[in-house]
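These protein sequence lines are chains S and B, in that order. Under this note's numbering, think of the first position of the first sequence as 6, with each following residue one higher. Under this note's numbering, think of the first position of the second sequence as 6, with each following residue one higher.
Please note that the accuracy of each hint is not assured.
Said to hold, decoys possible - Examples of chain B residues toward chain S, derived with CB under 10 Å:
1. PRO11
2. LEU12
3. THR31
4. TYR36
5. LEU38
6. PRO42
7. VAL59
8. ARG60
9. SER69
10. SER70
11. ILE76
Said to hold, decoys possible - These stretches of chain B come out as covered by chain S in the derived footprint (C-beta under 8 Å, 3 or more residues):
12. 22-29
13. 47-56
Quick caveat, the hints were computed from the structure, so don't treat them as lab data. Every value quoted in this text rests on a predicted model; they were computed, and no experiment measured them. Don't be surprised by glycine CBs; every beta carbon is placed ideally from N, CA and C.
There are 2 protein chains.
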Amino acid sequence: MVFPEPLARLIRNLARLPGLGEKSATRLALYLLRRPPEEVFELAESLKEMREKVRLCEKCFNFSSGPRCDICQDPERNPRLVCVVEDPAALASVEASGVFRGLYHVLHGLLSPRDGIGPKEIRVSDLLERVRREKIEEVLLALSPTVAGEATASYIAEILKDYPVKVTRLACGVPMGMEIKYADRITMKRALEARQPL
Amino acid sequence: MVFPEPLARLIRNLARLPGLGEKSATRLALYLLRRPPEEVFELAESLKEMREKVRLCEKCFNFSSGPRCDICQDPERNPRLVCVVEDPAALASVEASGVFRGLYHVLHGLLSPRDGIGPKEIRVSDLLERVRREKIEEVLLALSPTVAGEATASYIAEILKDYPVKVTRLACGVPMGMEIKYADRITMKRALEARQPL
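Please build the complete structure, drawing on both the sequences and the hints.
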């Protein structure tokens, strides 16, 4: 390549990122070369800081910059209600609704025997431990209505039967903005079964 | 946002990059969070190094990590033949052919009166200066056959008339792999006019 080594090195590193090939890595590097140095240094610094400081909350396994995440530390939250999510992105989605005021438990995965992901590969035993210790009254399973999500929800509901805790899940139905004619059969079946008074 | 500040900061910075919105910036940040720290530190370091070290070659204005770029310093190159390109990416494309053994001159732009880019905004006077001082015998205009590229080539050819230098340009024709039926009229006209013995 004809680019000087510091530029070639950056392009090699950028090209390794998902969704970036060599062409888009080159375009991005050339863009950064035209930006003010402080802006590029800020990006570099934030990469470093993120990887150094972000870890998992020791209680709910959400991302955190300290031992406990902000949500677990919030005294306004109801610690008896725990919402189980697949990963921090799903947690962000539940939070974005603005209506959930309990705590979370992040599994970091869903059961998928085909991929060798069993209960030990996701944080299920930590959940049982919390149910035992934290006097949790309700476990809300906010798992995707997919094969893996349903399997994981069934598995957790099954083992929680032995505990004095209420297990709930998100309502399944036709999403906002979707035209009824495009709803699949199973979504429609669930939406009908869970129909609500207006 | 529910992400801890170091992660949110990185997402904000990534989302500013061209072609990345908040969603893809989040996906990228979460990907980097799962990578080994050394890999992320290497990316951060290469960003910093690139912006600190890469500058323009004082002779041809190609990217360089020292005062002169590798090409200008190569004693095997013919210093009497100078290829004029729009930007370093175009230079890379000419170099990739492996057949050009002269030096370059990078304009860093093309004339575009509509966008307020006149001769003073691109490195034309530096080119004249080089033609005067470096005993250049041939100036090869490797500019894109676009409106701006053609305008820039005509402008440079015009002012170089007063200098004892040969001005050439890249052949325009049907590109390799293109089906003839898809060639536009002007490309076909040029390809016919410049037809060559087989």
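Each hint tested on the structure:
Contact between B:PRO11 and chain S, as hinted, is supported at the beta carbon level, the nearest pair being about 5 Å apart and thus within 10 Å. About 5 Å separates the beta-carbon of B:LEU12 from the nearest beta-carbon of chain S, less than 10 Å, and the hint is met. The interface hint given for B:THR31 holds, since its Cβ lies 7 Å from the closest Cβ of chain S, which is under the 10 Å cut-off. Checking B:TYR36 against chain S by beta carbon gives a least distance of about 6 Å; that is within 10 Å, so the hint holds.
Here the hint on B:LEU38 is kept, as its CB sits about 6 Å from the closest CB of chain S, short of 10 Å. Nearest Cβ of chain S to the Cβ of B:PRO42: about 5 Å, under the 10 Å cut. The hint holds. About 5 Å separates the beta-carbon of B:VAL59 from the nearest beta-carbon of chain S, less than 10 Å, and the hint is met. Hint on B:ARG60 holds. Least Cβ distance to chain S is approximately 9 Å, under the 10 Å limit.
Given hint, B:SER69 at the interface with chain S, holds; its Cβ is 5 Å from that chain's nearest Cβ, closer than 10 Å. The closest approach between the C-beta of B:SER70 and any C-beta of chain S is roughly 4 Å, which is under the 10 Å cut-off, so the hint is satisfied. Given hint, B:ILE76 at the interface with chain S, holds; its Cβ is 7 Å from that chain's nearest Cβ, closer than 10 Å. For a cut-off of 8 Å, the count of residues in the segment 22-29 of chain B with a CB near a CB of chain S stands at 4, and the three-residue condition holds.
Under the rule that three or more residues need a Cβ within less than 8 Å of chain S, the assignment of the segment 47-56 of chain B holds, with 10 such residues.
In terms of the numbered hints stated before, the structure departs from none.
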